[in-house]
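Take the sequences, apply the hints, and build the full model.
If you want the building blocks of each chain, they are given just below.
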Amino acid sequence: MIKSNYLALLILALVLAFIPLAISNVYYLGILIFVGINSLITIGLSLLMGYAGQISLGHAAFFGLGAYLSGVLSTRLAVPPVSALLLAALFTALVALLIGLPTLRLKGHYLAMATLGFGQIVYIVFNAWVEMTGGPSGFGNIPRLRIGGVVFDTDLKYFYLVWGLVVVGLFFAVNIIHSRVGRALRTMHTSEVAAGTLGINTVRYKIQIFVISAVYASVAGSLYAYFVTFLSPGTFGISFSILLVTMVVFGGRFSVWGALLGTAVLSILPESLRIIKDYDVLVYGAVLLLVMIFFPEGLVGLIGRVFRPRSLPEKLRT
Amino acid sequence: MTLGSQILQYIISGISIGSIYALVALGFNIIYNTTGIINFAQGEFVMLGGITAASLVTIFHVPILIAFLAAVIIVTAAGAFFERLAIHPLKNPSVITLIIITIAGSILLKGIAMFIWGKDTYFLPSFSGDRPIHFLGAAILPQTVWILGITGLVVILLSAFFKFTLAGKAMRAVASNRMAASLVGINVKKMVLFSFALSAAVGAVGGIIIAPIALMDYDKGAIFALKGFAVAALGGIGNFGGAIAAGLILGILEALGAGLISSHYKDAIALMVLLLVLFLKPSGIFGSAQESRLKKF
Amino acid sequence: MKKLFLAGVSLILGLGILIGSLDAADEAKQEPAKLERYKVGALFAITGPASWLGEPERNTVLMIEEEVNKSGGINGHPLKLIIEDTVGDGTKTVNAAKKLIASDKVCAIIGPSRSGCTMAIVPIVQAAEIPLISCAAAEAIVIAPDGKQNKWVFKTPQKDSHAAEKIFEHMKANGIKRIALLTGTTGFGAQGREQLKKLAPVWGMEIVADETYGPKDSDMTVQLTKIKAKNTQAIINWSIVPAQAIVCKNMKQLGIELPLYQSHGFGNIKYVQVAGGAAEGTIFPCGRLLVVESLPNDHPQKKVLARYKKDYEDRFNENVSTFGGHAYDALWLVIEALKEVGPDREKIRDYLEGKKGFVGTGGVFMFTPDDHNGLTREAFEILTVKDGKFDVLEK
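Top to bottom, those sequences are chains H, B and E. Quick note: the first sequence uses this note's numbering, first residue 68, plus one each step. Quick note: the second sequence uses this note's numbering, first residue 12, plus one each step. Quick note: the third sequence uses this note's numbering, first residue 9, plus one each step.
Calculated directly from the structure, the hints in this document are not laboratory data. C-beta: ideal position from N, C-alpha, C; glycine also. It is possible that some hints are incorrect.
With a cut-off of at most 27 angstroms between alpha-carbon atoms, the simulated DSS-like pairs for lysine-lysine come out as follows [said to hold, decoys possible]:
no.	chain 1	residue 1	chain 2	residue 2
1	E	78	H	344
2	E	159	H	224
3	B	130	E	88
4	E	113	E	47
5	E	88	H	344
6	E	310	E	394
7	E	317	B	130
8	E	310	E	347
9	E	185	E	394
10	E	113	H	344
11	E	318	E	347
12	H	344	E	47
13	E	363	E	311
14	E	364	E	317
15	E	317	E	278
16	E	278	E	310
17	E	394	E	180
18	E	224	H	344
19	E	318	B	130
20	B	130	E	397
21	E	47	E	364
22	E	317	E	47
23	B	130	H	344
24	B	130	E	224
25	E	224	E	397
26	E	355	E	113
27	E	180	E	238
28	E	278	H	344
29	B	130	E	394
30	E	310	E	78
31	E	159	E	364
32	E	278	B	130
33	H	174	B	292
34	H	174	B	102
35	E	206	E	238
36	E	113	H	224
37	E	278	E	318
Cβ-to-Cβ under 7 angstroms is the rule here; a few derived chain E residues that face chain H [what the hints assert, rightly or not]:
no.	residue
38	98
39	107
40	124
Structure follows, in C-alpha cells:
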C-alpha cells in the first residue's frame with residue numbers, strides 16, 4: 068500500500084521536474100505555483116477531513132497567519148525569510164493547539180461553526196490592526212525568499228521550491244496515514260466509540276492532526292507571501308476557507324491524492340474559463356455541481372469507477 | 012444624547028438586524044430538520060427575495076404587497092427547482108457531499124442573479140415611510156417594526172404548521188427518523204422538496220423585509236448565509252426558538268460591541284463571545300447535549 | 009493498490025489537459041490582420057465584490073476600441089484590447105497580469121480597478137518592465153519603497169490626499185473644526201482614513217470620532233449614534249461601496265442635522281437614487297464629469313467630458329460614472345503613446361512620463377518623473393446633491 072504511494076510520488080516528482088522544460092511561459096508556471104501552494108494546504112486539510120473526519124472552515128486563517136507572520140517578520144523586523152517561515156509555522160501551530168483544545172471537543176456543525184468563527188476573527192484582525200498588517204489596503208515590499216546564497220526571485224526557481232515542498236508534504240502525509248496515528252484515526256473515523264473502547268485517545272489524535280494541518284497551511288502562507296510579495300486580507304477570508312474544503316471534497320477526501328487533484332482542477336479551471344468571459348461563474352458552478360451529483364466521492368471516485376467499474380468507493384478509503 | 016438612550020438605540024439596531032439573522036437561521040433549520048443538510052445556498056434565497064421585490068417595485072412599479080407575494084412565490088419555486096436539480100438525483104450521499112453541492116448551488120444562483128439583475132444595487136422603499144418613532148431618546152424606524160412583526164408572524168405560522176398540519180407533522184417525522192417515516196407511508200423525497208421550498212420562502216421573506224434597510228445586489232447572499240449559519244449553529248441547529256434567541260443575541264452583541272467598544276472589531280467581539288459560550292456549552296446555547304449526540308452532522 | 013497509482017497518473021493527465029486548454033484559449037483569439045495589431049491589456053474587476061467599478065470600466069474601453077478601429081486604427085494598426093476579469097481578488101489579478109505579459113504579449117496594461125489588486129501586481133510589472141496605468145485610487149500605488157515613483161506605474165484617478173485637502177479646505181472656509189470620520193473597511197476607505205488622519209492636524213481639524221463599517225454591512229445607525237453623542241460639527245464618510253448610501257439614510261433617520269461630506273467615491277448618481285431624498289445636500293469633492301452641463305464653455309475639460317458622457321450614455325443607456333472615466337483616461341493615454349512612439353514598452357513609458365497637458369475626464373494631466381499621477385488638487389470640484397442631481401456647490 069505505502070509502496071504504491073511512494074511510486075506515485077516518485078512519478079509525480081519526475082514529471083514535475085520536467086514540466087518547466089515543456090512550459091516556459093511564466094503565466095502557466097505562475098498558475099502551477101499557486102496550485103502547489105494551495106495543494107500544501109489541502110493535503111493537510113484532507114488529513115483532517117478524510118482521515119480524522121473533522122471539518123474546518125477556518126483554514127484560510129492558518130494560511131493567513133503564515134503569510135502575515137512571515138511578511139511582517141521579514142519586512143518590519145528584518146528576520147531572514149527561512150527563519151520567519153519557521154517561526155510563523157511554530158506560532159501557527161501554537162494557535163492551532165490553543166484553538167484545537169476546546170474546538171475539537173465539538174462535533175459536526177458546532178465544529179464547523181467554531182472554526183468558521185475563528186477564521187472570521189483572524190480575518191477581522193488582519194483588517195483592523197492597521198499598524199501591523201496595513202489593514203484593508205494591505206502591505207507590500209516583502210523581500211524574496213533566500214536560502215543560503217540562492218534568492219528565489221524567478222518563477223522557475225519558485226516552481227521547484229514550491230513543488231519540492233509539496234512532494235515533501237505528500238511524503239509526510241503518506242507516512243502519517245500509515246503510522247500509528249493514521250491507523251488510530253481511521254478507526255476513529257469508522258466509529259469514534261469503538262476507537263474509544265480500544266483505548267485510543269481520540270481527542271489527542273484529532274488535535275495532533277489539526278496542528279499538523281495548520282502547519283501545512285502556515286508554510287503555504289509563507290510561500291504565498293514571498294511569492295506575491297504583497298498581502299491584503301481579502302485573500303484570507305471565509306470564502307477561501309470554503310474553497311479549500313470544496314477542493315478536498317471535489318478531488319476525493321479519502322485520499323491525499325484526491326486533495327491534490329481537486330486543488331489542481333479547481334485552481335486551473337477558472338483560468339481556462341477566461342475564454343468564455345463572464346459566463347465562467349456559471350460553468351464553474353455547473354461543473355462543481357455535476358461532479359458532486361454524479362460522483363459524490365469526488366474525482367478520485369470517478370477515476371476509480373472508470374478504471375475498475377465494479378470497485379466500491381469505500382475501497383478508496385484505505 | 013444620554014448614555015442610556017444611546018444604549019437603547021444600539022439595542023434597537025441590534026434587534027432589527029438580529030431578527031434578520033434569525034429568519035435566515037430558521038431557513039437553515041427547516042432544511043436541516045428534514046434532510047440533515049446545512050444549506051449554504053440559504054443566503055442566496057435571501058438575496059433573491061430582496062432583489063426580486065426591489066426590482067419589481069422600482070422598475071415595474073408593482074405595489075409593494077403584490078411585489079412581496081410575487082417575490083416569495085418566485086423564490087419558493089427557485090428553491091424547489093434547486094432541490095429537484097441538485098438534491099433529488101442523489102442516492103444516499105454523505106453530509107459533506109451535500110454541503111459542497113449546496114455551495115456549488117449558491118455559486119450558480121449568484122451567477123444567474125448577476126446575469127438577470129446585473130451588478131447594480133437595488134433598494135426597496137420602506138413599507139410605511141422613513142419617519143422614525145421616538146422612544147426614550149432613541150429613534151425606531153417604522154421598518155424595524157415591520158421586521159419584528161413579520162419575523163414574529165413567520166415564527167408563529169411555522170410553529171403552527173409543524174404542530175397542527177399533516178404536512179408539518181410528516182416533516183417532523185422525517186426529521187426524527189427517516190426510515191420509520193417512510194415505513195409509515197410518508198413520501199420522504201417529497202418532504203425534502205417541501206422543506207427546500209419552505210425554507211426558500213422564509214429566506215425570501217427575510218430578504219424582502221431587510222431590503223429597505225440594507226441594499227440588495229447579486230453578491231449579498233454570502234454575508235447572510237454566514238451570519239445565519241452562525242446563528243443556527245449557536246441556537247442548537249434545528250431548534251427554532253434557539254435560532255430566534257441566538258439571532259437577537261448576535262445582533263445585539265454586534266451593535267453593543269460597535270457602540271461601546273470599537274466598530275473596527277464589532278464582528279470579532281460578537282463572535283468571540285459566542286465562541287466562548289460554545290466552548291463552555293458545546294451543544295450550543297439552547298441545544299441539549301443528548302440531542303446533539305444523535306445528529307448526523 | 010493500483011488505484012492510488014492510477015490516481016497519480018490521472019492527476020498528471022488532468023493537469024496536462026487543463027494546461028492544454030489554456031493554450032487553446034490563446035489560439036482562439038487569433039484573427040487575420042493587415043498591419044500588426046497593437047495589443048493593450050486591461051484588468052478590471054468585472055465580477056465579484058467590486059464589479060460596479062469594473063463594469064463601467066470595461067464598457068468604456070470596449071467603446072473606445074470600437075471607435076478607434078472604425079476610424080482606421082492607430083496609424084493604420086488595429087487596436088486589440090485583451091480584457092481580463094480580476095474578480096477583485098489579488099491572486100487572480102496576479103495570474104491575469106502574467107497572462108497579459110507572457111501569453112498575450114501586450115505592450116501596456118490599464119487597470120486594475122482596485123488598489124489592493126494593483127499593489128499585488130506592481131512587483132510583476134516592475135520586473136517585466138511593462139507600463140501600467142492603474143484605475144485605482146490609492147496614492148501608494150505609484151510610490152516605490154524608496155519614496156520615489158515606481159518606474160513603470162502610473163495612475164489616472166485623482167489622489168486621495170487631494171480629495172482630503174479639498175474637503176478640509178471647504179470645512180475651514182465654513183468654520184468647521186471638530187469632525188467625525190466614518191470609513192469603510194476596504195482598501196479605498198482605509199487609504200482615505202489614513203490621509204484624513206494625517207492631514208487633519210495640518211488644516212487645524214480635530215477628529216473626535218473615528219468609526220468604520222464593513223463593505224457588506226446593512227446598518228450604520230450604531231456608528232452614527234456614537235458620533236451623534238460626540239460634539240462634532242460635521243461627518244466625513246469615506247468609502248466606495250454602495251453602503252455609503254445607507255449612511256445618508258441612517259443620518260436622516262436618527263435626526264442628525266450635521267453636514268455630511270463624502271469622498272470622491274460617491275461619484276455615481278445611482279447612490280443618490282438609492283438613498284432617496286436622504287442624499288440631498290451631501291458635499292463631496294469629485295472630478296467634473298458629473299457636472300459637465302454646469303461647466304463654462306471655455307473650460308478646458310468641457311469638450312472631452314461632454315463627448316464621453318454622450319457616447320457612453322447613448323451606447324449603454326445608463327448614467328456615466330467617474331470610475332469609467334478613469335479607464336477612459338488610461339486607455340486614451342496609451343493610444344496617444346502608441347500613436348507617437350509605437351508598441352515599444354520602454355518608449356511608451358518614457359512618453360507617458362513626459363506627457364504634459366493631456367486633457368482627460370479626471371483633469372488636465374501633467375506627468376513628471378516625480379509625479380506619475382499628474383493631477384493637482386484643482387482636478388477636484390466641490391459638488392453637492394441638489395434635487396436628486398449632482399451640481400457644483402456655490403462658494
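Structure-based check of all given hints:
{"no.": "1", "hint": "E:78 - H:344", "verdict": "holds, 24 angstroms"}
{"no.": "2", "hint": "E:159 - H:224", "verdict": "holds, 25 angstroms"}
{"no.": "3", "hint": "B:130 - E:88", "verdict": "holds, 26 angstroms"}
{"no.": "4", "hint": "E:113 - E:47", "verdict": "holds, 7 angstroms"}
{"no.": "5", "hint": "E:88 - H:344", "verdict": "holds, 16 angstroms"}
{"no.": "6", "hint": "E:310 - E:394", "verdict": "holds, 21 angstroms"}
{"no.": "7", "hint": "E:317 - B:130", "verdict": "holds, 20 angstroms"}
{"no.": "8", "hint": "E:310 - E:347", "verdict": "holds, 24 angstroms"}
{"no.": "9", "hint": "E:185 - E:394", "verdict": "holds, 25 angstroms"}
{"no.": "10", "hint": "E:113 - H:344", "verdict": "holds, 19 angstroms"}
{"no.": "11", "hint": "E:318 - E:347", "verdict": "holds, 25 angstroms"}
{"no.": "12", "hint": "H:344 - E:47", "verdict": "holds, 18 angstroms"}
{"no.": "13", "hint": "E:363 - E:311", "verdict": "holds, 20 angstroms"}
{"no.": "14", "hint": "E:364 - E:317", "verdict": "holds, 24 angstroms"}
{"no.": "15", "hint": "E:317 - E:278", "verdict": "holds, 15 angstroms"}
{"no.": "16", "hint": "E:278 - E:310", "verdict": "holds, 23 angstroms"}
{"no.": "17", "hint": "E:394 - E:180", "verdict": "holds, 22 angstroms"}
{"no.": "18", "hint": "E:224 - H:344", "verdict": "holds, 26 angstroms"}
{"no.": "19", "hint": "E:318 - B:130", "verdict": "holds, 22 angstroms"}
{"no.": "20", "hint": "B:130 - E:397", "verdict": "holds, 22 angstroms"}
{"no.": "21", "hint": "E:47 - E:364", "verdict": "holds, 24 angstroms"}
{"no.": "22", "hint": "E:317 - E:47", "verdict": "holds, 26 angstroms"}
{"no.": "23", "hint": "B:130 - H:344", "verdict": "holds, 15 angstroms"}
{"no.": "24", "hint": "B:130 - E:224", "verdict": "holds, 14 angstroms"}
{"no.": "25", "hint": "E:224 - E:397", "verdict": "holds, 26 angstroms"}
{"no.": "26", "hint": "E:355 - E:113", "verdict": "holds, 16 angstroms"}
{"no.": "27", "hint": "E:180 - E:238", "verdict": "holds, 20 angstroms"}
{"no.": "28", "hint": "E:278 - H:344", "verdict": "holds, 26 angstroms"}
{"no.": "29", "hint": "B:130 - E:394", "verdict": "holds, 26 angstroms"}
{"no.": "30", "hint": "E:310 - E:78", "verdict": "holds, 24 angstroms"}
{"no.": "31", "hint": "E:159 - E:364", "verdict": "holds, 17 angstroms"}
{"no.": "32", "hint": "E:278 - B:130", "verdict": "holds, 12 angstroms"}
{"no.": "33", "hint": "H:174 - B:292", "verdict": "holds, 12 angstroms"}
{"no.": "34", "hint": "H:174 - B:102", "verdict": "holds, 25 angstroms"}
{"no.": "35", "hint": "E:206 - E:238", "verdict": "holds, 21 angstroms"}
{"no.": "36", "hint": "E:113 - H:224", "verdict": "holds, 22 angstroms"}
{"no.": "37", "hint": "E:278 - E:318", "verdict": "holds, 18 angstroms"}
{"no.": "38", "hint": "98", "verdict": "holds, 5 angstroms"}
{"no.": "39", "hint": "107", "verdict": "holds, 4 angstroms"}
{"no.": "40", "hint": "124", "verdict": "holds, 4 angstroms"}
Of the numbered hints stated above, none is contradicted by the structure.
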